[in-house]
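Enquirer: Residues per chain are reported as follows:
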Amino acid sequence: HLATSLPLPSEQDHLRPKIDLIVFVIDIKNKRSLKNVDDSLAYVDASFFLGKVCFLVTGVGRVNCCSVEMDAVSKLAETYCSPVICCELELEAIRVSTAQRLLRLLEICAGHIPGVSALSFVSLMCNSADE
Amino acid sequence: KKADPPKTAFFLCKQWTLYSVTPLYGFSGARLKDYARLLSVAIAAEKQKGVAVEMDAELDTNIKVDVSSLPDLKGRNQDHAAILVQLFSRSPTSRRNSENKPLWSGWFCSVSGDDLPKSVPKEFTLLPLFLTNGAECYTSLVGSWFQKTFDCCFCRLALSPLNLSWMAVIWTGHAVDRTASAMELVFSVPSLPQPLNISYAIHPEDAKALWDSVHKTPGGITQEEVDVFMDCLYSHFHRHFKIHLSATKLVKVSTAIASAHCSGTIKFLHSEHLTRVLMLLTELARSQI
Numbered sequence: 001h002l003a004t005s006l007p008l009p010s011e012q013d014h015l016r017p018k019i020d021l022i023v024f025v026i027d028i029k030n031k032r033s034l035k036n037v038d039d040s041l042a043y044v045d046a047s048f049f050l051g052k053v054c055f056l057v058t059g060v061g062r063v064n065c066c067s068v069e070m071d072a073v074s075k076l077a078e079t080y081c082s083p084v085i086c087c088e089l090e091l092e093a094i095r096v097s098t099a100q101r102l103l104r105l106l107e108i109c110a111g112h113i114p115g116v117s118a119l120s121f122v123s124l125m126c127n128s129a130d131e
Numbered sequence: 001k002k003a004d005p006p007k008t009a010f011f012l013c014k015q016w017t018l019y020s021v022t023p024l025y026g027f028s029g030a031r032l033k034d035y036a037r038l039l040s041v042a043i044a045a046e047k048q049k050g051v052a053v054e055m056d057a058e059l060d061t062n063i064k065v066d067v068s069s070l071p072d073l074k075g076r077n078q079d080h081a082a083i084l085v086q087l088f089s090r091s092p093t094s095r096r097n098s099e100n101k102p103l104w105s106g107w108f109c110s111v112s113g114d115d116l117p118k119s120v121p122k123e124f125t126l127l128p129l130f131l132t133n134g135a136e137c138y139t140s141l142v143g144s145w146f147q148k149t150f151d152c153c154f155c156r157l158a159l160s161p162l163n164l165s166w167m168a169v170i171w172t173g174h175a176v177d178r179t180a181s182a183m184e185l186v187f188s189v190p191s192l193p194q195p196l197n198i199s200y201a202i203h204p205e206d207a208k209a210l211w212d213s214v215h216k217t218p219g220g221i222t223q224e225e226v227d228v229f230m231d232c233l234y235s236h237f238h239r240h241f242k243i244h245l246s247a248t249k250l251v252k253v254s255t256a257i258a259s260a261h262c263s264g265t266i267k268f269l270h271s272e273h274l275t276r277v278l279m280l281l282t283e284l285a286r287s288q289i
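Note that the protein sequences, when read in sequence, are chains P and F. Just so we're aligned, residue 1 is where the first sequence starts under my numbering, counting upward by one. Just so we're aligned, residue 1 is where the second sequence starts under my numbering, counting upward by one.
Next comes chain P alone, as it looks inside the complex (with noise of 0.2 angstroms):
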């Protein structure tokens, strides 16, 4: 499901499945987009924050669009306790790796990797981000 910001509208509210995994997209080129995901974040249950977010940055790879400090990006995840996947969506073999990545997340959110939690999961990830 997607959707360009939080809270997602209320009359969709009974037909919506359980939500697994959040993943708030950034373009590093708009510097809207951070801020969007910024008010956006107000509004997920604090329930989500242990293993259930992970925030996408998207165009990182041509530095001279920057328009998001990869410090501001580093300081938000963070504050929310959640890791950040970089990624290209202009290569094709770096935007099915993404993909794949993600789909990883989402199975072990959805709990289907047996022995893996979601929040074993991400403190791994946030670990050797930090290493």
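Careful: at least some of the hints might be erroneous.
Calculated pairs, DSSO-like style, for lysine-lysine (alpha carbon to alpha carbon, straight line, at most 27 angstroms) [stated by the list, open to error]:
{"id": "1", "chain 1": "P", "residue 1": "K35", "chain 2": "F", "residue 2": "K242"}
{"id": "2", "chain 1": "P", "residue 1": "K35", "chain 2": "F", "residue 2": "K208"}
{"id": "3", "chain 1": "F", "residue 1": "K252", "chain 2": "P", "residue 2": "K35"}
{"id": "4", "chain 1": "F", "residue 1": "K242", "chain 2": "P", "residue 2": "K29"}
I should point out that these hints are in silico values taken from the structure, not numbers from a laboratory.
Model the placement of chain F on the given structure of chain P, informed by the hints.
Expert: Leaving out everything else, chain F in the frame of chain P:
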């Protein structure tokens, strides 16, 4: 240290293309005349080979190369003096003219600010910023000679919207006289079938007043202050035109001090602030090596 106004007039009001350069190996400030000779031989050889060089069909141009040092153009004593390379046409018509304007100019410089440059081994010379004015064919001729001779690497210096917003803030912060021109920001709107540019002009006194109200940290500028300044400008624009400039790409910043474009070009407009702008550009060049 301020360079003399008559000398700096040469650098003003011209469009310079920016490059970052890796340290030069085996460069000596004492051998500039030799380098000029070697470079002119190399250019003549390239023309013999039939490399396409733009020239007036009437003129049989021989290129005269001049390499000189600009000792005043540096930041600190540890910086190497700037090196100016100029190409003049040796045609009969140009000799008649009293004012022999160069065909092409390029200069290497290193203007360090408060943070000292990382010291490089003795055999290397650190001149990270290269600025050119003139035809691209000459730039590549001169550039490839320097790359071959001094084992260095040139790279176009791109200016991201983040870099440009810092420039807008820094140049607004400097007091200029009452006749200063407006600050102009140009934004490019992405993902449209027809390219669309939005130009936003702000009275320099209003811009300075806004910056003064935002700037709280003494002796330095923080990213947060830059963000607040730009957000104020964006919300003002949104209030009037209902357009979110934060969703567009800042491509050009123009103030009374200088004008910079994201493709990596700059125009110096005020001799007093030349060194300050060069300091910013040197730092950017160093970070992109």
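Enquirer: Just to be careful, I want the Cα atoms of K35(P) and K208(F) compared with a cutoff of 27 angstroms; is the pair within it?
Expert: This hinted pair holds, its Cα atoms lying about 26 angstroms apart.
Enquirer: Holds or violated: are the alpha carbons of K35(P) and K242(F) at most 27 angstroms from each other?
Expert: Since the Cα atoms of K35(P) and K242(F) sit roughly 17 angstroms apart, the hinted pair holds (cutoff 27 angstroms).
Enquirer: Sort out whether K35(P) lies within 27 angstroms of K252(F), counting only the CA atoms.
Expert: Holds: K252(F) and K35(P) sit about 23 angstroms apart, inside 27 angstroms.
Enquirer: Please verify whether K242(F) and K29(P) have alpha carbons no more than 27 angstroms apart.
Expert: Roughly 20 angstroms between the alpha carbons, so the hint for K242(F) and K29(P) holds.
In summary, the structure agrees with every hint in the numbered list given earlier.
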